[in-house]
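Number of protein chains: 2
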Amino acid sequence: MASVSFGPPADDRDLIDWLRLIRTPNIGPQTFWSLLSRYGSAAKAIENAPSLAARVRGGKPLRLTPEKDAERERDRVARYGASLVPLGDPAYPTLLAEVDAPPPILTCLGSSAIAGTNTVGIVGARNASAAGRKMATMMAEGLGAQGITIASGLARGIDTQAHHASLASGTIAVMAGGIDHIYPRENESLYRAIAERGAVITEMPFGAEPVARYFPRRNRLISGMSVAIVVIEAAQRSGSLITARFAAEQGRDVFAVPGSPLDQRARGTNDLIRNGAVLVQSAEDVLEGLDGRFAMPAADLFDHGSASRQVPDDETAPTEAGYEKVLELLGPSPVPLDDLARLSGISISTLSAVILELELAGKAKRHPGGVVSSV
Amino acid sequence: MASVSFGPPADDRDLIDWLRLIRTPNIGPQTFWSLLSRYGSAAKAIENAPSLAARVRGGKPLRLTPEKDAERERDRVARYGASLVPLGDPAYPTLLAEVDAPPPILTCLGSSAIAGTNTVGIVGARNASAAGRKMATMMAEGLGAQGITIASGLARGIDTQAHHASLASGTIAVMAGGIDHIYPRENESLYRAIAERGAVITEMPFGAEPVARYFPRRNRLISGMSVAIVVIEAAQRSGSLITARFAAEQGRDVFAVPGSPLDQRARGTNDLIRNGAVLVQSAEDVLEGLDGRFAMPAADLFDHGSASRQVPDDETAPTEAGYEKVLELLGPSPVPLDDLARLSGISISTLSAVILELELAGKAKRHPGGVVSSV
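Each protein sequence line maps, in turn, to chains A and B.
Quick note: the first sequence uses my numbering, first residue 1, plus one each step.
Quick note: the second sequence uses my numbering, first residue 1, plus one each step.
Derived by calculation from the structure, the hints in this document are not laboratory data.
Some hints here could point you the wrong way.
As the list claims (entries may be wrong) - Computed footprint of chain B on chain A, listed as stretches where at least three residues anywhere in the stretch have a Cβ under 8 Å from a Cβ of chain B:
no.	stretch
1	258-267
2	273-279
Unchecked claim - If you want a taste of the chain A side facing chain B, the calculated C-beta under 10 Å gives, among others:
no.	residue
3	Ala130
4	Gly132
5	Lys134
6	Ser282
What the hints assert, rightly or not - Below, a list of computed lysine to aspartate or glutamate pairs in the EDC-like style, where the Cα atoms sit at most 20 Å apart:
no.	chain 1	residue 1	chain 2	residue 2
7	B	Lys134	A	Asp263
8	A	Lys365	A	Asp339
9	A	Lys134	B	Asp263
10	B	Lys134	B	Asp263
11	B	Lys68	B	Asp14
12	A	Lys44	A	Asp11
Since we're looking at a predicted model, the values are computed, not measured.
The C-beta atom is built at its ideal place from N, Cα and C for all residues, glycine as well.
Hey, can you work out the whole structure from these sequences and the hints?
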């Protein structure tokens, strides 16, 4: 494998090509970066991707997003007062650039200065208790007073309190739908205040409805742009625990506020603590847990901006039998690429090519962390 | 240092001598076992202790408990329906025999069969919340259902709930005063029920008022007779945390039930978890934490009954200058014997003799864990 770095799009033409590629069905961030690695530019990827998809027997033809649709999105975003921020742009959140398969393009409304700040995510239950809401406020205020920006998801309950309490010091709302889809509706005035004083961010296209399956993707962004996340009240099997899992996978610190085991809203945070999250009772506890890491600006702590990806050095053309074998091995629950290679007897580099083509053909799906499933 | 084992008193005469010795002012469990090691029997210790105390210049003469007072205590205990249980007696709680400086004699009311059971201590706030009380009930019932006996302190709140919920399965109330001093008064019917179905235990003399400074000593017994303790709701700097500290020093597992940081009654348990106690949300969590150790009877897990103590092999007679130096080094906050030896230049064996004499003369005080302070 060799490491290749990409800068941001060279010009508006290149940005439109990035947008066409990432907005194409079956192309997620993983596939986007694979294609860019393989072809060197979005334009060349667009030229070649349809023929890759066509190589999979029985696969659907790739429906590339037309140029005019990408241009239309760019124009709608601009008219809305927001901007498209590709990876490598100084307005792209520093830490998010470092995660596995970062979103190639974000849509941002509000302050672009927020990108380089030290950010901590605060997430928790929508049906939060009075104590949980108060804790979210104290936590966000306490961290804000230390110059830390708060990222959250604009949801009811904990998220709402965390944003409110950090409006003055710095707050980022990460949306599950398009930048223009205010959800929940009752938070419209909070959304406007954040757009005015902080930033609203999403990886979804302008106009996209915030459907259920987008929420985990949104949570991945909250943890990805944060040095740590604080979970305040979370039931078992809740979205906040998904954020905590992403945070752990991304190497972020996970802090959790405990509660009475008799309150279902505390079972999730208590379980997190049992599984190794750090119990925190105040913003001071979080700062202590971060152990002075905020003494330096985030930019000095982490590599900035340019994304470096692993790409195969050489690749053998996949064979017909290879496609069949891999398809047979794939099921709905994601398996690591390494296991697939072992089970299929196909080299990792060839397998990567096979998966890329299966994905473009709508037959396979890659997930963060090098795992893949059937669609 | 050599290890010496003591059996229980040989006869009623010997028991009375044990009682005289441990009821003598300035003689606590530490000093009791030092004297027994040094002289081989309580009778010989009684014979020699006054002259040891007299060697300290300016010290008070040792006021040995008269034989008739000890006999009177024995008779009052018997008339009350309770019994004196010396270390080494089968009715002495198995694990308590293993702690540093165990009480030489307990007074017990109720079932003597409880001594060898698997015991877990449950302690917590007197002003417990409704949730805390419910948790205490669930915890005691859940552990009781697994054949585990519950030890607690008969206090209001958590203790009361824990005893009530384990009356049927097995419960031990450890008192801070004499066996006849029911405290708090409102728990009289609970006390009677425990005496009937479980056991009431104390190391204090019959008739002793439960004054404030006896409560930490009582807590040491709760943890000492338990394989683990569970703390449910405890404020910072509360008695329950003292029990937790004893438990940790005695090598017992410490489990704590978390709560909202906004509730002062949870700050203590949350702090315990931050400092390494295991977060538990149910009796199942405790059993999991004990990791199957209750599959065997406690007696097979731990050395039973006979107490083995460290005694100096040889001892140089302390010098006048030695007493002065040690007294000068001692202050109100306890220091380890090792440090005293280093600072004074006196050997550990001589120092032990000096401390014993200073203690008998009311000039020094030994505490569990090999630390010593001025009086």
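Next on the checklist: For each hint given before, does the structure comply? Return the numbers of the non-compliant ones in rising order.
Outcome noted: none
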